[in-house]
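2 protein chains.
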Amino acid sequence: MRLVTLEDIRAAATAIAPHVVRTPLLSFGSDFWIKPENLQPIGAFKQRGAVNALSRIPSEARARGVVAYSSGNHAQAVAYAAKTLGMPVAIVVPSNTPQLKIDATRAHGAEVFVVGITERESRAYELVQERGATLIPPFDHPDVIAGQGTIGLEICADLPEVATVLVPVSGGGLISGIATAVKSLRPNVRVIGVEPELAGDSAASFAAGSRVHWDAHDRARTIADGLRAEPSELTWAHIREYVDDIVTVTEDEIRDAVGQIARRTRVVAEPSGAVPVAAYLNRDLPAGPAVAVVSGGNIEPKLFAELVGG
Amino acid sequence: MRLVTLEDIRAAATAIAPHVVRTPLLSFGSDFWIKPENLQPIGAFKQRGAVNALSRIPSEARARGVVAYSSGNHAQAVAYAAKTLGMPVAIVVPSNTPQLKIDATRAHGAEVFVVGITERESRAYELVQERGATLIPPFDHPDVIAGQGTIGLEICADLPEVATVLVPVSGGGLISGIATAVKSLRPNVRVIGVEPELAGDSAASFAAGSRVHWDAHDRARTIADGLRAEPSELTWAHIREYVDDIVTVTEDEIRDAVGQIARRTRVVAEPSGAVPVAAYLNRDLPAGPAVAVVSGGNIEPKLFAELVGG
Numbered sequence: 001m002r003l004v005t006l007e008d009i010r011a012a013a014t015a016i017a018p019h020v021v022r023t024p025l026l027s028f029g030s031d032f033w034i035k036p037e038n039l040q041p042i043g044a045f046k047q048r049g050a051v052n053a054l055s056r057i058p059s060e061a062r063a064r065g066v067v068a069y070s071s072g073n074h075a076q077a078v079a080y081a082a083k084t085l086g087m088p089v090a091i092v093v094p095s096n097t098p099q100l101k102i103d104a105t106r107a108h109g110a111e112v113f114v115v116g117i118t119e120r121e122s123r124a125y126e127l128v129q130e131r132g133a134t135l136i137p138p139f140d141h142p143d144v145i146a147g148q149g150t151i152g153l154e155i156c157a158d159l160p161e162v163a164t165v166l167v168p169v170s171g172g173g174l175i176s177g178i179a180t181a182v183k184s185l186r187p188n189v190r191v192i193g194v195e196p197e198l199a200g201d202s203a204a205s206f207a208a209g210s211r212v213h214w215d216a217h218d219r220a221r222t223i224a225d226g227l228r229a230e231p232s233e234l235t236w237a238h239i240r241e242y243v244d245d246i247v248t249v250t251e252d253e254i255r256d257a258v259g260q261i262a263r264r265t266r267v268v269a270e271p272s273g274a275v276p277v278a279a280y281l282n283r284d285l286p287a288g289p290a291v292a293v294v295s296g297g298n299i300e301p302k303l304f305a306e307l308v309g310g
Numbered sequence: 001m002r003l004v005t006l007e008d009i010r011a012a013a014t015a016i017a018p019h020v021v022r023t024p025l026l027s028f029g030s031d032f033w034i035k036p037e038n039l040q041p042i043g044a045f046k047q048r049g050a051v052n053a054l055s056r057i058p059s060e061a062r063a064r065g066v067v068a069y070s071s072g073n074h075a076q077a078v079a080y081a082a083k084t085l086g087m088p089v090a091i092v093v094p095s096n097t098p099q100l101k102i103d104a105t106r107a108h109g110a111e112v113f114v115v116g117i118t119e120r121e122s123r124a125y126e127l128v129q130e131r132g133a134t135l136i137p138p139f140d141h142p143d144v145i146a147g148q149g150t151i152g153l154e155i156c157a158d159l160p161e162v163a164t165v166l167v168p169v170s171g172g173g174l175i176s177g178i179a180t181a182v183k184s185l186r187p188n189v190r191v192i193g194v195e196p197e198l199a200g201d202s203a204a205s206f207a208a209g210s211r212v213h214w215d216a217h218d219r220a221r222t223i224a225d226g227l228r229a230e231p232s233e234l235t236w237a238h239i240r241e242y243v244d245d246i247v248t249v250t251e252d253e254i255r256d257a258v259g260q261i262a263r264r265t266r267v268v269a270e271p272s273g274a275v276p277v278a279a280y281l282n283r284d285l286p287a288g289p290a291v292a293v294v295s296g297g298n299i300e301p302k303l304f305a306e307l308v309g310g
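Protein chains in written order, with our numbering: chain W, 1 to 310; chain G, 1 to 310.
Among the hints, erroneous ones may be present.
[Unchecked claim] On the chain G side, residues computed to face chain W include the following (Cβ under 8 Å):
1. P24
2. S27
3. P41
4. A262
5. R266
6. R283
7. L285
8. A305
9. V308
[Claimed, not checked] Partial pick of chain G residues on the chain W-facing surface, computed with a CB cut under 8 Å:
10. P18
11. R22
12. T23
13. L39
14. Y125
15. V128
16. R131
17. R263
18. G297
19. G309
Hints are computed from structural coordinates only; laboratory data are not their basis.
Note that CB positions come from ideal geometry on N, CA and C, so glycine has one too.
Construct the entire structure; sequences and hints are all you get.
The following block contains the structure:
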């Protein structure tokens, strides 16, 4: 299997630069920073991978547009990227998607198809067939991984003395890209994945040395609703190659981290985005300067008020 | 009176670059961005002016240290700047300062003197006399103004097509610096100051064509506790020279803006920092791309939870 390379990630950085926020590192405490990807226009890192994937579609296929199926940040990311690059876009969402998210996706100019939960994938493939459109997967694609990897380049550029990088793990696209970039540039930096204990399939897989499957129903228990997917063959290959460890955090630790991030760095993190900070605050980690990637900030206002008000 | 120049601000940009966050513009909506100065380590723009002022102290005077009197962001800014540049620092605070802020100032390594409200200034001058230290005023100083002006350089660099810049007005150091930078680089951009209606002394002064004094008791009514000061002769001279208008917003508009900023840009703004966004959302402004400077994010968690939970 061909893994994404540092050169792929450098090319992605050039392609996406005009369309993403160059996020700064924000000081959380002594020798600890966050990389606030919640500050991207759609509120999550996924904009990087989506813009890169769309920018690599051959010009003759662009007019036929793109398709994605997602109820979450990936839908926004693809819709935003398509608007930015002037391509038609269709998003397939399950019928239990909050109206707010459907409206937000439409606001980016996307055509939205609401279908039963089990029909998402098949409806998306139908659209691809009918239109000759290109399907953009949320993580299982080298161009998406390369886009997310640009975060790793920026961390190494902004904090050359970094010793540890903490990254949330779900489908694994984010950590695959970041670990590839960081380990290629600085092999001695430790890249550590973080998961909710209640969706700890990747941590279990890492400990076991091969992929362990957890039931989707079990993974859905965590408040970190962006971390309920599991790695693909492609992302798992990157994780095995480049990641040093995967640790887990509890639900209470995640909730507390959302509040601490708001108070200390003045940004709004969703529970999934707060997971690596929870690990920094509660686990024994290697000494030296550390960066936690705060992957997103799309959280219901009521829940955020509850977590931040303490 | 000598006004701060574009060259002063460019020199400040070079001096402070290693010690401040290069804040990105964050998209709030169509053709509207915020400049999130709440993302500075101390949670406010004042770090820029403080670092610049300290960096310009002659080397022979550095060991004698600096003094500031303030209960707010200026105390943190000077303490942080002194720690960063390795200089001794004493901060004089009034006895009604929350313990949390005193602790935060001490955490930066500052010596803190707690005195009666009316003795702040005299105690600070005593320390200056006793130690040969340098007093760092919160806004009434060209080096402080030049430091704040670096925000204007960054806005023009990041959004060359900007048409309007909205800036909170209190003592006037922030808008003096930004207006000098922006108008020197792009004379056609409109720089508009924003104040709470309840502390609208500068708007009244601007309308009258000369400085109007409002009683401190009146200015203290607004929730925007960082905007209760009034311009000095020096900052007023910059405002008269470079600012196009000063408008006011209501308390309800300020409270609503704090929530909208959190939901749309995922950052935590204090009421004072939200004031220019309130103006954008509620006042008729010139057409074209606009940037609101969100000056700070130091807000009590309980109040923030209340404003964001809607």
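Which numbered hints fail: 6, 7, 10, 14, 15, 16
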